[in-house]
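J.: Spelled out, the chains give:
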Amino acid sequence: MAELKLKNLQKTYEDGPTVIHGINLDIRDGEFMVFVGPSGCGKTTTLRMIAGLEDISGGELSIGRQVVNDVPAAKRGVAMVFQSYALYPHMTVRENMGFGLKLAKKPKAEIEAAVNRAAEVLQITHLLDRKPKALSGGQRQRVAIGRAIVRKPDVFLFDEPLSNLDASLRVQMRIELAKLHKELATTMIYVTHDQVEAMTLGDRIAVFNGGHIEQVGTPLELYESPANLFVAGFLGSPKMNFLPAKVLGGKLQLADKAVLDIRVDRPDGENVTIGVRPEHLRIAASGVSAVVDIVEHLGDTQIAYVHVQGVKEALALKLASGGQTPANGSTIQLAIDTQHCHVFGADGRALALRSREAVAA
Amino acid sequence: MKYSSKANLTAYAFLAPAIALLLVFSFWPVGFGSYIAFTKYNLIDAPVWVGLDNFRELLDDELFLMSLKNSAIYLIVVPVIQVLAILLAVLVNNNLPGIKYYRAAYYLPVVTTVSVIGVIWNFMYTEDGALNGILRWLHIINEPIGFLNDDRIALLAVMFVTIWRGLGWYMVLYLAGLQAISQDVYEAATLDGANAWQKFWRITVPLLMPTILLCSIMSVLAAVKAFEEVQIMTQGGPYQSTFTALYYAYEFGMKSLNFGRALAASFIVSLFCIALAWLNFRYLTPKTK
Chain A
110 MAELKLKNLQ KTYEDGPTVI HGINLDIRDG EFMVFVGPSG CGKTTTLRMI
160 AGLEDISGGE LSIGRQVVND VPAAKRGVAM VFQSYALYPH MTVRENMGFG
210 LKLAKKPKAE IEAAVNRAAE VLQITHLLDR KPKALSGGQR QRVAIGRAIV
260 RKPDVFLFDE PLSNLDASLR VQMRIELAKL HKELATTMIY VTHDQVEAMT
310 LGDRIAVFNG GHIEQVGTPL ELYESPANLF VAGFLGSPKM NFLPAKVLGG
360 KLQLADKAVL DIRVDRPDGE NVTIGVRPEH LRIAASGVSA VVDIVEHLGD
410 TQIAYVHVQG VKEALALKLA SGGQTPANGS TIQLAIDTQH CHVFGADGRA
460 LALRSREAVA A
Chain B
705 MKYSSKANLT AYAFLAPAIA LLLVFSFWPV GFGSYIAFTK YNLIDAPVWV
755 GLDNFRELLD DELFLMSLKN SAIYLIVVPV IQVLAILLAV LVNNNLPGIK
805 YYRAAYYLPV VTTVSVIGVI WNFMYTEDGA LNGILRWLHI INEPIGFLND
855 DRIALLAVMF VTIWRGLGWY MVLYLAGLQA ISQDVYEAAT LDGANAWQKF
905 WRITVPLLMP TILLCSIMSV LAAVKAFEEV QIMTQGGPYQ STFTALYYAY
955 EFGMKSLNFG RALAASFIVS LFCIALAWLN FRYLTPKTK
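Note that the protein sequences, when read in sequence, are chains A and B.
Heads up, the first sequence is in the working numbering, so the first residue is 110 and it goes up one at a time.
Heads up, the second sequence is in the working numbering, so the first residue is 705 and it goes up one at a time.
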């Protein structure tokens with residue numbers, strides 16, 4: 110087991126762009142850290158630098174208090190599960206899982222015992238003599254995880270391991286990964302662009318964007334207190350609604366002139382953005398006027414997408430399944446739960462709110 | 705008419721042109737050639753059935769036995785060309801600057817006609833040719849070597865041209881095979897602690913086995929059927945030392961109009977080809993489970 114320290118970690122490709130701009134991050138021993146972000150944000154590159162598959166252009170990477178910038182991948186004590194599984198197609202499952210130990214010239218009995226133990230944990234003992242092409246996607250993923258477990262690494266690295274699986278298998282594997290982390294209590298770093306995986310698996314989440322880390326925190330911290338517009342918009346499904354507003358006498362005025370009792374210490378006339386999650390909007394007798402675009406029925410809930418004057422994107426609001434369903438094209442009044450609103454300045458950073466008062470219309 | 709038989713008819717109708725071409729240009733010549741191998745035939749008179757006489761004459765003919773031996777020696781080309789082509793493919797599979805030009809350069813002999821290649825190498829091999837010049841300049845030899853005049857090395861000199869000529873073709877096939885191997889597999893091996901040599905032997909070679917099988921069969925057949933280089937560079941000489949089995953067939957068929965014996969020789973070469981192809985399949989087919 111080991112903690113990791115990323116100190117001003119940078120990656121610049123030869124004659125190419127800088128893709129990681131100095132990342133600082135401490136990952137605790139035994140922690141499940143999730144790197145999340147859109148495609149091309151640098152999360153996989155960072156993971157590959159930790160694995161030793163990419164050179165580090167600048168900064169320092171420590172694993173278990175040892176600086177490993179120049180330590181070869183195989184000697185860093187890390188094991189990686191690839192998105193494509195990366196199983197050796199010509200080897201059986203048993204050979205795949207024992208390959209690392211075989212190269213390390215471990216005794217046959219020890220390899221056999223380690224492979225059998227990992228196979229039992231992952232319930233793939235009956236597959237040990239098959240080749241990868243005779244396995245389903247989920248089974249291949251288990252074998253890839255098994256190969257990592259057999260090496261008894263200090264750190265597990267997962268590079269979008271569930272993205273090739275179908276939705277139901279993904280849920281099942283997600284639960285199994287969470288259990289595995291509990292059992293092994295080893296440091297795990299997990300890259301995903303799926304926020305549900307990030308929210309459900311991670312002890313902490315690092316949100317990447319454009320080669321920077323935007324925010325690090327527990328899933329609830331990020332959900333409830335996003336540091337900026339990017340994090341606020343990235344986490345949550347449907348995503349947070351954003352409404353442009355102006356500061357007016359310490360309160361906020363929307364484009365349709367409605368004033369919300371959200372108090373900020375900013376000068377009058379400053380443009381800000383109000384962020385409100387779909388569950389904090391509701392239909393009321395009076396409030397902000399909106400036209401219903403479409404209503405999605407998800408079984409336990411309904412999501413209504415509505416247009417509000419002065420707001421480019423449709424706003425999403427969550428409605429109880431058994432409740433009233435507004436007709437498409439109808440005009441409704443929206444109440445905004447100002448106690449759960451977030452306000453972001455012109456630079457996109459979250460602003461401190463002075464006080465939160467009761468729901469305003 | 706039932707749907708299935710109608711569908712079958714349609715399928716056969718679509719296949720008919722290809723089957724007709726195969727019948728006329730492949731199966732018929734093979735069948736007729738095999739028949740001629742058991743006859744006396746000189747293109748003018750009708751073939752006369754002689755049973756196994758042509759084969760008996762062949763086995764009594766020292767020149768044919770030497771030609772067969774030369775064709776067997778020619779098989780040395782196979783492992784040499786395969787190993788070199790794999791190594792070359794591994795080298796040019798790197799993303800080094802200008803690597804595309806190297807790939808093109810190695811492939812150039814493949815798209816050059818064999819007659820041009822033969823003429824160029826004849827020049828290269830002459831006593832005052834480039835090869836002797838280089839060897840003398842490097843002080844490896846004092847007297848020029850008669851590459852195509854010395855019956856001890858003429859066959860090797862011709863075989864070298866076959867290797868040079870075919871290398872690019874097999875390199876491209878191996879390159880395609882290498883590029884089909886996922887980079888992730890190599891990265892997984894890196895994390896498993898494999899060094900470059902272990903990756904080559906334990907990952908690259910096993911995953912290239914289907915390509916190795918294909919290239920091996922193709923090069924075995926090409927080696928046994930070696931003819932063009934011999935015809936252009938040595939015409940079987942000196943002292944008939946570069947006679948290969950097919951060149952023997954050509955000599956007896958086209959020059960002596962003894963088509964019965966020529967096709968009997970070809971028949972034996974075909975049997976060799978089938979046996980060697982079977983051996984390749986037997987020992988190089990990747991095991992599946």
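Simulated from the structure, these hints should not be mistaken for lab results.
What you are looking at is a predicted structure, and each value in this text was computed from that prediction instead of being measured.
There could be a bad hint or two in this list.
If you want a taste of the chain A side facing chain B, the calculated C-beta under 7 Å gives, among others [unchecked claim]:
#1 Val180
#2 Ala182
#3 Phe208
27 Å max Cα-Cα, derived DSSO-like pairs, lysine-lysine [unchecked claim]:
#4 A:Lys291 with A:Lys360
#5 A:Lys184 with A:Lys116
#6 A:Lys348 with A:Lys366
#7 A:Lys421 with A:Lys360
#8 A:Lys211 with B:Lys903
#9 B:Lys903 with A:Lys214
#10 A:Lys261 with B:Lys744
#11 A:Lys261 with A:Lys242
#12 B:Lys773 with A:Lys240
#13 B:Lys804 with A:Lys184
#14 A:Lys217 with B:Lys744
#15 B:Lys903 with A:Lys242
#16 A:Lys261 with A:Lys240
#17 B:Lys903 with A:Lys215
All C-beta atoms in this analysis are idealised placements derived from N, C-alpha and C, irrespective of residue type, glycine included.
J.: State for each hint whether it applies.
T.: Tested hints:
1. Val180: violated (12 Å)
2. Ala182: holds (5 Å)
3. Phe208: This interface hint holds because 5 Å falls under the 7 Å limit.
4. A:Lys291 with A:Lys360: violated (47 Å)
5. A:Lys184 with A:Lys116: Cα-Cα ~20 Å, so holds.
6. A:Lys348 with A:Lys366: It holds: about 24 Å lies between the C-alpha atoms, which stays within 27 Å.
7. A:Lys421 with A:Lys360: The given pair, whose Cα atoms are some 22 Å apart, holds under the 27 Å limit.
8. A:Lys211 with B:Lys903: Distance ~13 Å between A:Lys211 and B:Lys903 Cα, so the pair holds.
9. B:Lys903 with A:Lys214: Holds, at roughly 15 Å.
10. A:Lys261 with B:Lys744: violated (76 Å)
11. A:Lys261 with A:Lys242: Holds. A:Lys261 to A:Lys242 sits at ~26 Å (cutoff 27 Å).
12. B:Lys773 with A:Lys240: At roughly 43 Å apart (the allowed maximum being 27 Å), A:Lys240 and B:Lys773 break the hint.
13. B:Lys804 with A:Lys184: violated (35 Å)
14. A:Lys217 with B:Lys744: violated (67 Å)
15. B:Lys903 with A:Lys242: Cα-Cα ~21 Å, so holds.
16. A:Lys261 with A:Lys240: holds (23 Å)
17. B:Lys903 with A:Lys215: holds (18 Å)
Hint check: violations occur at hints 1, 4, 10, 12, 13 and 14; the rest are consistent with the structure.
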